[in-house]
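Starting from the known structure of chain A, fit chains B and C onto it as the hints suggest.
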Amino acid sequence: MNNATHLSKTAQELLLRAVRSPDIMASFSEREWDLLLRVGRRTRLLARLAIMLHESGDVARIPTRAAAILEGVHVYANKREQMMRWELNRLCWALRETHTPLILLKGAAYLMAELPPALGRIAADVDILIPENKLDIVEETLKQKGWKATKLSPYDQRYYRTWMHELPPLRHIEREIEVDIHHTILPRTSRLQPNAELLLQDARITDDPMLATLSRTDIVLHSAVHLFYDSDMANQLRDLVDLDDLLKHFGEDPTFWPQLLSRSERLGVGRPLFYTLRYTQRILGTKVPEAVALEINATTPNPFALFLMDWLVPRGLLPDHPDFPRVSTGLARWLLYLRSHWLRMPPLLLARHLSYKAVLPLIEWLRSRKRPGRAASERV
Amino acid sequence: MLRDIPTVKMTSKSTEKWRVPDNTRLIWVSWDDEFILFHSQAGKTHYLNQVGAVLLQELETNTYSVSELAKKLEKRLGLDISEEFVKRIESLLARFDHLGLVSKHSPLSN
Amino acid sequence: MRVGELDLEHLQQRLASTGLKVSMGPFTVSIRSTTLSGLIDPLRYLYHDYVICGESEISDYHVRVAPPSNIRRWIHPQVQFLMDGNSPFRPFPARLAFPLLEWGINWCIATRAHQFLLLHAAVVERRGRGIIFPAWPGHGKTTLCAALIHRGWRLFSDEFGLIRPRDGRLIPLPRLLPLKNESIAVIREFEPEAVIGPDFTKTRKGTVAHLRPPTGCIKRAGETTQAAVIVFPRWQSDVPTSLEPMPKSQAFLMAATNAFNYEMLGETAFRAITELVKTCSCYRLSYSNLDEAINVLEQVAIQGNE
Numbered sequence: 001m002n003n004a005t006h007l008s009k010t011a012q013e014l015l016l017r018a019v020r021s022p023d024i025m026a027s028f029s030e031r032e033w034d035l036l037l038r039v040g041r042r043t044r045l046l047a048r049l050a051i052m053l054h055e056s057g058d059v060a061r062i063p064t065r066a067a068a069i070l071e072g073v074h075v076y077a078n079k080r081e082q083m084m085r086w087e088l089n090r091l092c093w094a095l096r097e098t099h100t101p102l103i104l105l106k107g108a109a110y111l112m113a114e115l116p117p118a119l120g121r122i123a124a125d126v127d128i129l130i131p132e133n134k135l136d137i138v139e140e141t142l143k144q145k146g147w148k149a150t151k152l153s154p155y156d157q158r159y160y161r162t163w164m165h166e167l168p169p170l171r172h173i174e175r176e177i178e179v180d181i182h183h184t185i186l187p188r189t190s191r192l193q194p195n196a197e198l199l200l201q202d203a204r205i206t207d208d209p210m211l212a213t214l215s216r217t218d219i220v221l222h223s224a225v226h227l228f229y230d231s232d233m234a235n236q237l238r239d240l241v242d243l244d245d246l247l248k249h250f251g252e253d254p255t256f257w258p259q260l261l262s263r264s265e266r267l268g269v270g271r272p273l274f275y276t277l278r279y280t281q282r283i284l285g286t287k288v289p290e291a292v293a294l295e296i297n298a299t300t301p302n303p304f305a306l307f308l309m310d311w312l313v314p315r316g317l318l319p320d321h322p323d324f325p326r327v328s329t330g331l332a333r334w335l336l337y338l339r340s341h342w343l344r345m346p347p348l349l350l351a352r353h354l355s356y357k358a359v360l361p362l363i364e365w366l367r368s369r370k371r372p373g374r375a376a377s378e379r380v
Numbered sequence: 381m382l383r384d385i386p387t388v389k390m391t392s393k394s395t396e397k398w399r400v401p402d403n404t405r406l407i408w409v410s411w412d413d414e415f416i417l418f419h420s421q422a423g424k425t426h427y428l429n430q431v432g433a434v435l436l437q438e439l440e441t442n443t444y445s446v447s448e449l450a451k452k453l454e455k456r457l458g459l460d461i462s463e464e465f466v467k468r469i470e471s472l473l474a475r476f477d478h479l480g481l482v483s484k485h486s487p488l489s490n
Numbered sequence: 491m492r493v494g495e496l497d498l499e500h501l502q503q504r505l506a507s508t509g510l511k512v513s514m515g516p517f518t519v520s521i522r523s524t525t526l527s528g529l530i531d532p533l534r535y536l537y538h539d540y541v542i543c544g545e546s547e548i549s550d551y552h553v554r555v556a557p558p559s560n561i562r563r564w565i566h567p568q569v570q571f572l573m574d575g576n577s578p579f580r581p582f583p584a585r586l587a588f589p590l591l592e593w594g595i596n597w598c599i600a601t602r603a604h605q606f607l608l609l610h611a612a613v614v615e616r617r618g619r620g621i622i623f624p625a626w627p628g629h630g631k632t633t634l635c636a637a638l639i640h641r642g643w644r645l646f647s648d649e650f651g652l653i654r655p656r657d658g659r660l661i662p663l664p665r666l667l668p669l670k671n672e673s674i675a676v677i678r679e680f681e682p683e684a685v686i687g688p689d690f691t692k693t694r695k696g697t698v699a700h701l702r703p704p705t706g707c708i709k710r711a712g713e714t715t716q717a718a719v720i721v722f723p724r725w726q727s728d729v730p731t732s733l734e735p736m737p738k739s740q741a742f743l744m745a746a747t748n749a750f751n752y753e754m755l756g757e758t759a760f761r762a763i764t765e766l767v768k769t770c771s772c773y774r775l776s777y778s779n780l781d782e783a784i785n786v787l788e789q790v791a792i793q794g795n796e
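Residue numbers (the numbering used here), protein chains in the order written: chain A, 1 to 380; chain B, 381 to 490; chain C, 491 to 796.
Be careful, since some hints might not be right.
Chain B side only, calculated, beta carbon under 10 Å to chain C, not exhaustive [stated by the list, open to error]: (1) I407; (2) D412; (3) E414; (4) I416; (5) S420; (6) G423; (7) K424; (8) T425; (9) F476.
In silico lysine to aspartate or glutamate, EDC-like type, Cα no more than 20 Å apart, as pairs [unchecked claim]: (10) A/K9 with C/E753; (11) A/K143 with B/D477; (12) A/K145 with B/E470; (13) B/K424 with C/D531; (14) C/K670 with C/E681; (15) A/K79 with C/E757; (16) C/K695 with C/E672; (17) B/K424 with A/E81; (18) B/K424 with A/E174; (19) A/K287 with A/D253; (20) B/K424 with A/E178; (21) A/K151 with A/D125; (22) B/K424 with A/E176; (23) B/K484 with B/E438; (24) C/K768 with B/D413; (25) A/K143 with A/E97; (26) A/K145 with A/E176; (27) B/K467 with B/E448; (28) B/K424 with C/E753; (29) B/K484 with A/E71; (30) A/K151 with A/E176; (31) C/K768 with B/D412; (32) B/K484 with B/E470; (33) A/K148 with B/D477; (34) A/K79 with C/E681; (35) C/K768 with B/E414; (36) B/K424 with A/D125; (37) B/K467 with B/E438; (38) B/K397 with A/E97; (39) B/K424 with C/E757; (40) B/K484 with A/E97.
Think of the hints as simulated: they come from the structure by calculation, not from any bench. Glycine included, C-beta positions come from ideal geometry on N, C-alpha and C.
Isolated chain A (complex conformation) (with noise of 0.2 Å):
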């Protein structure tokens, strides 16, 4: 193992230790926080050890100039809650006469139904599902009322309406936060389809009878398609924390599994469900039934596919240490990038896409051995 290796491995074991067993921060050295404090930012998950810290009290028994770091990043997840709130109550302010009731995905949703993910978690923008056909008339309305799509250019705007899944992000003038509206889970091109109408026909309505998530196998099989089949993972392993704490949560209840496993039959979403209990297993130690785990094994994709995601899936999650970033690393998330893209587009459509929009910054990206277009969410 050259040096590199070593101090990533260092780097990762370190930030999984303090991920699972929180714990155990207290007995951490002032050299192994200095790296924490670093691998955590990267990952978005240190307002949530900063919240778990200040919860058990063990803020108190760690090195002061921690505590005070861990202080800073408290303050800036309030904020970025307080934003989410609020925008929510905006939002349901607006549309109260269009009779749309907003179906929160992800963060949102967390944060209304108080589960688990919630803590510390740092949303860049506010995620929201409504029918297709009230599209229009949420977003005239919303216009009217102060919200304006943000800057695009014109392929952008068009790539959005004709292709995502989504209207083209709104902002609200007087306010920082995006709020981005969704009719499908996937983008109309994508190579997984799970029917919207059977996720609207679940949802449910919160305290707030404008607000509703999605039924409790939905929540989770979103976050599951959302990560494996939407994204390029590069630093997200905040989002397989997500859901491991969604499992642990709704696991509770035994009823909760062969529901999973059912629903995701029908909703076409068995392989992201697949590598969801797979890399949640072997990352965090996610503890899934037994008759679960051989079940899903139906839809275990061929071998040599197995082998490569089982390469590239915690090269892509996990963080490099900061200072000495491997180039097989830029090598799985390049990959991961192109398949993110792969899934999402046919291959004529894709080919439009990267000629156009991607090429400058893959190069970039491959230089800098950073992700594109994510600055909000890592400026923690």
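Relative to the frame of chain A, chains B and C by itself:
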């Protein structure tokens, strides 16, 4: 018939009541006749003159229609109610509504 | 150990390997760099008095200044600033490596140090009382601040008014003062003993030269103080020196809108600034002559709170 329409609208508008929503937390600080307000849920700070501040403070304690508010302001600030002044109240309320500081509270929903 | 006590070879070696960990007020900054003569000479000279921290200590910011790995390096040598491997801004010409480092560290603090309320202000202390000069672009807070600290006032910061929300104390962050354009000559003349680094010409803000704070200010970076006075300074040519009280609501708004992270801290910031404005005397100062301005401020520092 056509003439009835504005009358109907007027009636509905004048019975419309306003208030600061229940769970709203407002923190005030004032120097002389100038008021600074922190709205916790929105995370925003607002700078208000006396008319805006008195109006909002009234709506923090009770539910009022525009005409009731005009009377309150007349009493507290010693102002004459003119049509123009009522319009100013209405536009202030619309702005406050947009900011989420006040909300409509129609008598029917009680 | 201080940076000045490290010989050139060891300094270079630290910058190239584990990083030079420097204490700056409440923050520890780990600086790494490839061998760039444009960086190391001013760094050695200007960071002379700053304390070096132990190698295993936690750093608030891990920064690196290095040439970007692209073709242009052979045509126009460039450098970029990296924080934890990410580069938040475009590369600079290589000759500006040092100003880039200084600017980059400020950027790290402004975007991350939310454990403090970060006013955009110069802060100094006189007779145990903290005086805040909120930034008013182009109105010369840096020049005034540079003059004051060479007349016995203690520097807290030229850029960041750090307030600890828990108790409202002002926290020193005695970083270098970036003098710009005419101020460089003004301060050289005002205080011939001032330690000023090389002139960096043609930056985005014109010519910049960095002033090293007097040694005592750096040594006392651990001593906090209570704010007593807020002064909004304004330099204009040929105006008589005048100090007028300022309405508190205006002082509040100017301090809040100027802060780097007022919205980020929300209620905490609102309460801290309310308390600050309530307890401080607030003034507007117009001046053209530095000595006269200092005399007026001496009077302000002597007076108790009204």
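Taking the hints in turn, this is what the structure says about them:
The closest approach between the C-beta of B/I407 and any C-beta of chain C is roughly 6 Å, which is under the 10 Å cut-off, so the hint is satisfied. Annotation: interface hint on B/D412 holds; nearest CB of chain C at approximately 7 Å, less than 10 Å. The beta carbon of B/E414 comes within 4 Å of a beta carbon in chain C, closer than 10 Å, and the hint placing it at the interface holds. At about 6 Å, the closest approach between the beta carbon of B/I416 and any beta carbon in chain C falls short of 10 Å, and the interface hint on this residue holds.
The restraint placing B/S420 at the interface with chain C holds, with a minimum CB-CB distance near 6 Å, inside the 10 Å limit. A least Cβ separation of about 5 Å between B/G423 and chain C falls short of the 10 Å threshold, and the interface hint therefore holds. With a cut of 10 Å, the hint placing B/K424 at the interface with chain C holds, because the nearest CB-to-CB distance is about 8 Å. Interface hint at B/T425: satisfied, since its Cβ lies 6 Å from the closest Cβ of chain C, which is below the 10 Å cut-off.
Because the beta carbon of B/F476 sits about 19 Å from the nearest beta carbon in chain C, more than 10 Å, this interface hint is broken. Distance check on the hinted pair: A/K9 and C/E753 sit about 38 Å apart at the alpha-carbon level, beyond 20 Å; violated. For the hint pairing A/K143 with B/D477, the CA-to-CA distance comes to about 17 Å; that is within 20 Å, so the pair holds. Of the pairs offered as hints, the one joining A/K145 and B/E470 holds, with about 17 Å between alpha carbons and a cut-off of 20 Å not exceeded.
About 46 Å separates the Cα atoms of B/K424 and C/D531, which puts this hinted pair outside 20 Å; it is violated. This hinted pair checks out: C/K670 and C/E681 have alpha carbons roughly 16 Å apart, not beyond 20 Å. Restraint check for A/K79 and C/E757: satisfied, since their Cα atoms lie roughly 10 Å apart, inside the 20 Å limit. For the suggested pair C/K695 and C/E672, the alpha carbons sit about 12 Å apart, so the restraint of at most 20 Å is met.
For the given pair, B/K424 sits about 14 Å from A/E81 by alpha-carbon distance, which is consistent with the 20 Å threshold. With a C-alpha separation of about 10 Å, the suggested pair B/K424 and A/E174 falls inside the 20 Å cut-off, and the hint holds. Under the criterion of a C-alpha separation no larger than 20 Å, the hint pairing A/K287 with A/D253 is consistent with the structure, at around 13 Å. Between B/K424 and A/E178 the alpha-carbon distance is near 17 Å, which keeps this suggested pair within the 20 Å criterion.
In summary, the hint linking A/K151 to A/D125 is supported, as the alpha carbons are separated by about 15 Å, within the 20 Å threshold. Note on B/K424 and A/E176: the hinted pairing holds, with a Cα-Cα distance of about 12 Å set against a maximum of 20 Å. At most 20 Å may separate the alpha-carbon atoms for a hinted pair to count; B/K484 and B/E438 meet this at roughly 15 Å. A C-alpha spacing of about 16 Å is found between C/K768 and B/D413, which places the hinted pair at or below 20 Å, so the restraint holds.
Note on A/K143 and A/E97: the hinted pairing holds, with a Cα-Cα distance of about 14 Å set against a maximum of 20 Å. Distance restraint check for A/K145 and A/E176: the Cα-Cα separation of roughly 15 Å lies within the 20 Å cut-off, and the hinted pair is therefore satisfied. For a cut-off of 20 Å, the pair hint linking B/K467 to B/E448 stands: about 13 Å separates their Cα positions. Of the supplied pair hints, the one linking B/K424 and C/E753 holds, its CA atoms being roughly 7 Å apart against a limit of 20 Å.
For the given pair, B/K484 sits about 39 Å from A/E71 by alpha-carbon distance, which is inconsistent with the 20 Å threshold. A C-alpha spacing of about 13 Å is found between A/K151 and A/E176, which places the hinted pair at or below 20 Å, so the restraint holds. Restraint check for C/K768 and B/D412: satisfied, since their Cα atoms lie roughly 13 Å apart, inside the 20 Å limit. A threshold of 20 Å between alpha carbons decides the hint, and for B/K484 with B/E470 the separation of about 12 Å falls inside it, so the pair holds.
Using a Cα cut-off of 20 Å, the hinted pair A/K148 and B/D477 holds, with the two alpha carbons roughly 19 Å apart. In summary, the hint linking A/K79 to C/E681 is not supported, as the alpha carbons are separated by about 45 Å, beyond the 20 Å threshold. Note on C/K768 and B/E414: the hinted pairing holds, with a Cα-Cα distance of about 14 Å set against a maximum of 20 Å. Simply put, B/K424 and A/D125 have alpha-carbon atoms about 19 Å apart, close enough for the 20 Å limit, and the pair holds.
Restraint check: the Cα-Cα separation between B/K467 and B/E438 comes to about 18 Å, which is no more than 20 Å; the hinted pair holds. The straight-line distance between the Cα atoms of B/K397 and A/E97 is roughly 18 Å, inside the 20 Å bound, and the hint therefore holds. For the proposed pair B/K424 and C/E757, the alpha carbon gap of about 9 Å is at most 20 Å, so the pair holds. Between B/K484 and A/E97, the direct Cα distance comes to roughly 13 Å. Compliance with the 20 Å bound is thereby established for this hinted pair.
Hint check: violations occur at hints 9, 10, 13, 29 and 34; the rest are consistent with the structure.
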